[in-house]
Amino acid sequence: MRALLLAALAALPVRAGVIEAVVRDAEGKPLADAVVFLRKAADLKEAPPLPQAEMSQLNQELDPHLVVVPAGGTVQFPNKDTTHHHLYSFSKPKSFDLPLYKGDDAPSVKFEKPGVVKVGCNIHDWMSGIVFVAPTPYYGRTGADGSAVLTVPDGKVEVSVFHERLKGSVDDTTRRGEAGKAPLRLSWTLTLKKNPASKRPATGYK
Amino acid sequence: MNPFIPLRLRILGAFSLLSAAVLGASLWLVGRSQTAQVEEGLRARLETTADVFAASLQRQERQLAASLELLGGDFAFKQAFSTEEKATIASAAKNFQTRISADVMWVTDEDGVLLVDTAGLLKTGRKAAALSPVDSALADKPATAIVVLGDAIIQVAAVPIKAPDIVGVLAAGFRIGDAAAGAIREMTKSDVSFAAAGSIRASSLKDADRALIAGHVSGMAAGSFGLMGPMGGRWLVLRRPVSSEVSAYIQRQWDAALEPVRELRRLLLIVGLASLGLTVLAGLLVAQGVTAPMEALAAVTRRLVLGDYDARVSVGRRDEVGQLAEAFNSMIDGLREKERIRSVLRKAVSKEIADELLKKGPIELGGEERTVTVLFSDIRGFTTISEGLPPKELVSQLNAYFKRMARAIEPHRGVIDKFVGDAIMALFGVPLSGPDDAAGAQRAALAMLAALAELNVERRAAGQPDWRIGVGLNSGAVVAGTLGSEERWSYTVIGDAVNLASRLEGLTKHYGAGVVVSRATRDAAAGADFLYRSLDLVRVKGKHEAIEVFELLGEELPAPAWLAPSERGIVRYRVGDLAAARTAFGEVLALKPDDALAKTYLERLAAQGERAPAGWDPAHTMDEK
Numbered sequence: 005m006r007a008l009l010l011a012a013l014a015a016l017p018v019r020a021g022v023i024e025a026v027v028r029d030a031e032g033k034p035l036a037d038a039v040v041f042l043r044k045a046a047d048l049k050e051a052p053p054l055p056q057a058e059m060s061q062l063n064q065e066l067d068p069h070l071v072v073v074p075a076g077g078t079v080q081f082p083n084k085d086t087t088h089h090h091l092y093s094f095s096k097p098k099s100f101d102l103p104l105y106k107g108d109d110a111p112s113v114k115f116e117k118p119g120v121v122k123v124g125c126n127i128h129d130w131m132s133g134i135v136f137v138a139p140t141p142y143y144g145r146t147g148a149d150g151s152a153v154l155t156v157p158d159g160k161v162e163v164s165v166f167h168e169r170l171k172g173s174v175d176d177t178t179r180r181g182e183a184g185k186a187p188l189r190l191s192w193t194l195t196l197k198k199n200p201a202s203k204r205p206a207t208g209y210k
Numbered sequence: 140m141n142p143f144i145p146l147r148l149r150i151l152g153a154f155s156l157l158s159a160a161v162l163g164a165s166l167w168l169v170g171r172s173q174t175a176q177v178e179e180g181l182r183a184r185l186e187t188t189a190d191v192f193a194a195s196l197q198r199q200e201r202q203l204a205a206s207l208e209l210l211g212g213d214f215a216f217k218q219a220f221s222t223e224e225k226a227t228i229a230s231a232a233k234n235f236q237t238r239i240s241a242d243v244m245w246v247t248d249e250d251g252v253l254l255v256d257t258a259g260l261l262k263t264g265r266k267a268a269a270l271s272p273v274d275s276a277l278a279d280k281p282a283t284a285i286v287v288l289g290d291a292i293i294q295v296a297a298v299p300i301k302a303p304d305i306v307g308v309l310a311a312g313f314r315i316g317d318a319a320a321g322a323i324r325e326m327t328k329s330d331v332s333f334a335a336a337g338s339i340r341a342s343s344l345k346d347a348d349r350a351l352i353a354g355h356v357s358g359m360a361a362g363s364f365g366l367m368g369p370m371g372g373r374w375l376v377l378r379r380p381v382s383s384e385v386s387a388y389i390q391r392q393w394d395a396a397l398e399p400v401r402e403l404r405r406l407l408l409i410v411g412l413a414s415l416g417l418t419v420l421a422g423l424l425v426a427q428g429v430t431a432p433m434e435a436l437a438a439v440t441r442r443l444v445l446g447d448y449d450a451r452v453s454v455g456r457r458d459e460v461g462q463l464a465e466a467f468n469s470m471i472d473g474l475r476e477k478e479r480i481r482s483v484l485r486k487a488v489s490k491e492i493a494d495e496l497l498k499k500g501p502i503e504l505g506g507e508e509r510t511v512t513v514l515f516s517d518i519r520g521f522t523t524i525s526e527g528l529p530p531k532e533l534v535s536q537l538n539a540y541f542k543r544m545a546r547a548i549e550p551h552r553g554v555i556d557k558f559v560g561d562a563i564m565a566l567f568g569v570p571l572s573g574p575d576d577a578a579g580a581q582r583a584a585l586a587m588l589a590a591l592a593e594l595n596v597e598r599r600a601a602g603q604p605d606w607r608i609g610v611g612l613n614s615g616a617v618v619a620g621t622l623g624s625e626e627r628w629s630y631t632v633i634g635d636a637v638n639l640a641s642r643l644e645g646l647t648k649h650y651g652a653g654v655v656v657s658r659a660t661r662d663a664a665a666g667a668d669f670l671y672r673s674l675d676l677v678r679v680k681g682k683h684e685a686i687e688v689f690e691l692l693g694e695e696l697p698a699p700a701w702l703a704p705s706e707r708g709i710v711r712y713r714v715g716d717l718a719a720a721r722t723a724f725g726e727v728l729a730l731k732p733d734d735a736l737a738k739t740y741l742e743r744l745a746a747q748g749e750r751a752p753a754g755w756d757p758a759h760t761m762d763e764k
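Residue numbers (the numbering used here), protein chains in the order written: chain A, 5 to 210; chain B, 140 to 764.
Errors might be hidden in some of the hints.
Derived DSSO-like pairs: lysine-lysine, alpha-carbon spacing no greater than 30 Å straight-line [as the list claims (entries may be wrong)]: (1) A/Lys203 / B/Lys531; (2) A/Lys114 / B/Lys301; (3) B/Lys301 / B/Lys225; (4) B/Lys301 / A/Lys171; (5) A/Lys44 / A/Lys203; (6) A/Lys122 / B/Lys648; (7) B/Lys280 / A/Lys197; (8) A/Lys171 / B/Lys280; (9) A/Lys96 / B/Lys301; (10) B/Lys682 / B/Lys531; (11) A/Lys44 / A/Lys33; (12) A/Lys114 / A/Lys203; (13) B/Lys225 / A/Lys33; (14) A/Lys203 / B/Lys233.
To give a feel for the contact side, a few chain B residues facing chain A, derived at Cβ under 7 Å [unchecked claim]: (15) Phe214; (16) Ser221; (17) Glu224; (18) Ala302; (19) Pro303.
FYI, nobody ran anything at the bench for these hints, they're computed from the structure.
Every value quoted in this text rests on a predicted model; they were computed, and no experiment measured them.
All residues carry an ideal CB built from backbone N, CA and C; glycine is no exception.
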């Protein structure tokens with residue numbers, strides 16, 4: 005993904021702004037896997053091309069757990085396990101149902117509306133994944149250091165943060181600023197829900 | 140003083156009290172142990188029921204939770220839930236309710252807001268705070284609880300609806316109602332009531348019993364037992380908490396369970412009262428058996444006290460009481476014998492000797508040395524008197540005489556030892572000696588003379604001639620005791636002093652004296668104011684020593700005029716101044732012309748010269764006995 009972003013950066017027009025985001029949790033530790041995104045973008049012509057996102061099923065888990073696509077993006081759900089899976093989502097932005105399949109038999113799913121789409125497997129209750137559908141193509145995902153760098157059209161911007169365990173509304177994280185030559189530095193300290201214990205049953209005889 | 144309580148009553152009372160105490164104690168002990176046993180049994184059953192109930196509640200809870208877990212994972216339901224159409228969700232929930240035979244189903248959204256209530260117990264559109272397991276389910280923890288909704292006690296289970304994250308909660312409820320209570324009653328035969336907030340919400344009891352218990356449940360501590368209801372219809376109740384709000388009250392009929400104990404008690408009481416009655420009866424018989432002979436003994440004793448020695452106790456038994464009666468009769472025999480002996484003895488010997496003899500117990504022959512004064516008396520010329528009188532008349536006159544003499548002797552502590560013909564032998568100083576024995580003897584002798592004078596007055600009046608007596612007194616050591624053979628004995632005194640007294644009595648006639656006293660007797664009564672006249676020095680037969688003898692003239696008397704020349708004559712005679720003696724006795728005769736003593740001495744002197752010969756022995760030897 006980072007490679008893609010760098011490729012996109014290379015093709016950037018002159019009028020480009022940079023946002024340097026840092027996300028921390030309530031304890032001040034850098035928070036990974038937070039999605040920092042532009043809420044609105046007037047001009048999408050210069051947006052990076054739609055990525056081919058993929059969430060595979062491996063060892064009866066959804067891998068990766070979090071996939072970010074811009075609205076209109078598609079996600080492939082290849083089954084790399086030997087068992088069947090039946091992926092579904094009842095989430096409002098996108099409800100879909102991929103009845104039992106193996107391998108690459110499932111069609112890719114297109115996510116038109118921005119929002120959080122929670123994906124489960126009907127025959128493996130513990131399997132869970134998230135497709136975050138960003139409203140614009142301008143988003144970044146924090147690394148282990150909690151930082152993300154976004155290249156955006158310059159001008160006034162509204163930036164929000166999503167995290168799977170975010171307590172409260174994404175809208176409340178919204179920050180406004182002016183993106184220009186000088187990097188716009190934004191930082192968030194997020195209050196998180198507890199990490200849920202895995203409900204996956206142990207293997208073997210119990 | 141202690142009040143008189145008849146022995147019969149005491150025995151009866153003791154028997155009855157003892158019996159009643161045993162009866163009461165056994166009734167109490169049996170009743171207590173039986174009651175305790177019944178109560179223990181009841182408690183154990185109530186505990187068992189409570190355990191059975193708790194176990195069934197748990198099983199039901201697990202089943203409910205497991206069922207719900209399946210339903211919550213139902214993909215079709217998740218799809219239905221995702222439609223967000225309440226009618227669709229409600230009908231799906233209703234469908235589940237039928238599948239698991241629940242009484243109610245609820246569905247909430249991911250915030251716990253109630254979307255569906257198939258039984259209409261709670262308002263939808265708001266958080267279902269009353270359903271406590273919902274919050275837990277929202278935290279991905281399926282939970283169960285027993286909650287009170289309105290009048291209903293409901294066992295609730297809740298599970299999260301996951302798609303795949305938690306999007307809502309599915310909950311189901313089973314009502315714990317009369318039917319559930321009835322089912323437990325079916326299994327355990329104990330009644331169960333469920334109460335919350337102090338009022339009964341469900342029960343296996345009939346309405347009337349339910350009302351009885353309703354008023355009592357609030358006061359009971361958790362896990363405690365209580366007795367409820369009216370006497371005769373009480374229930375033993377165990378409170379077992381089911382939740383913080385709800386308690387189960389497990390009940391069994393108390394009085395009904397105790398009925399066999401009461402029956403046993405009644406039976407015991409009847410048996411006990413019967414045995415008490417028997418005991419009282421037995422007590423009466425025993426008391427009668429004891430007191431009747433005692434009353435008989437008491438009656439006989441009263442007769443004995445009155446001197447009736449013919450009284451006899453008859454109890455007609457051969458036990459200890461019979462032995463007592465026999466012993467008592469023997470005692471009466473002994474008493475009678477003793478009394479008879481005493482009365483005979485008193486007549487045969489003097490009262491003092493009789494008492495002495497009777498006091499001593501078994502008679503032992505033998506004696507002890509005592510100092511006594513012995514008195515002998517007899518009637519002068521009795522041989523002649525007896526010849527002139529018919530025997531019967533003689534005895535009659537003698538008895539009149541003895542009677543008077545006895546009366547004269549006894550006041551002076553004299554003991555008449557024996558009557559021998561007309562003679563009387565009396566002792567002073569046996570069996571009891573005293574300092575005045577010798578004086579008493581002399582007073583007795585004087586009293587005898589006085590008594591004789593009175594007798595003679597009567598005799599003269601009866602045309603009978605006067606009697607004259609002589610009395611001899613001597614004091615000295617004697618042996619006093621019972622003498623004789625084993626079969627026949629008498630209490631008497633023996634010794635020289637006795638013989639001498641007898642001899643002195645014989646001298647009275649010789650000297651013309653009423654009472655002749657030895658020097659020993661005179662000296663023994665030195666403290667008394669007796670008047671004596673010296674008589675002689677007498678050498679009795681078989682004795683070398685001469686005895687000085689006196690005539691006892693009286694007590695506290697002035698000396699007569701003739702006494703001085705008489706005493707002087709005696710002294711002169713003894714020293715051998717015979718002429719002076721003659722003169723003195725002559726003076727006596729001048730004053731007392733018929734004085735026998737003076738004549739006797741003048742006769743003796745007539746055979747002598749002016750002066751006493753060499754080897755003059757003034758003593759007079761008694762040849763006669």
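Against the structure, the hints come out as follows:
Straight-line distance between C-alpha atoms of A/Lys203 and B/Lys531 comes to about 156 Å, which puts the hinted pair past the 30 Å bound. Restraint check for A/Lys114 and B/Lys301: satisfied, since their Cα atoms lie roughly 23 Å apart, inside the 30 Å limit. With a CA separation close to 18 Å, the supplied pair B/Lys301 and B/Lys225 stays within the 30 Å bound. For the hint pairing B/Lys301 with A/Lys171, the CA-to-CA distance comes to about 19 Å; that is within 30 Å, so the pair holds.
Taking the CA atoms of A/Lys44 and A/Lys203, the gap is near 38 Å; set against the 30 Å cutoff, the hint is violated. This hinted pair does not check out: A/Lys122 and B/Lys648 have alpha carbons roughly 177 Å apart, beyond 30 Å. A C-alpha spacing of about 16 Å is found between B/Lys280 and A/Lys197, which places the hinted pair at or below 30 Å, so the restraint holds. For the hint pairing A/Lys171 with B/Lys280, the CA-to-CA distance comes to about 19 Å; that is within 30 Å, so the pair holds.
Straight-line distance between C-alpha atoms of A/Lys96 and B/Lys301 comes to about 15 Å, which keeps the hinted pair within the 30 Å bound. The suggested pairing of B/Lys682 with B/Lys531 is violated, with an alpha-carbon distance near 41 Å, which exceeds 30 Å. For the given pair, A/Lys44 sits about 29 Å from A/Lys33 by alpha-carbon distance, which is consistent with the 30 Å threshold. A C-alpha spacing of about 29 Å is found between A/Lys114 and A/Lys203, which places the hinted pair at or below 30 Å, so the restraint holds.
Of the pairs offered as hints, the one joining B/Lys225 and A/Lys33 is violated, with about 43 Å between alpha carbons and a cut-off of 30 Å exceeded. Taken as a hint, the A/Lys203 and B/Lys233 pair is honoured in the structure, with Cα atoms around 28 Å apart against an allowance of 30 Å. Interface hint at B/Phe214: satisfied, since its Cβ lies 5 Å from the closest Cβ of chain A, which is below the 7 Å cut-off. Evaluation of the B/Ser221 hint against chain A yields a held restraint, the C-beta minimum of about 3 Å falling below 7 Å.
Violation of the interface hint for B/Glu224 is found here, the shortest Cβ-Cβ separation to chain A being roughly 13 Å, above the 7 Å cut-off. For B/Ala302, the interface hint holds, since its Cβ comes within 7 Å of a Cβ in chain A; the closest pair sits about 5 Å apart. Checking B/Pro303 against chain A by beta carbon gives a least distance of about 3 Å; that is within 7 Å, so the hint holds.
The structure fails to meet hints 1, 5, 6, 10, 13 and 17 from the earlier list, while all remaining hints are met.
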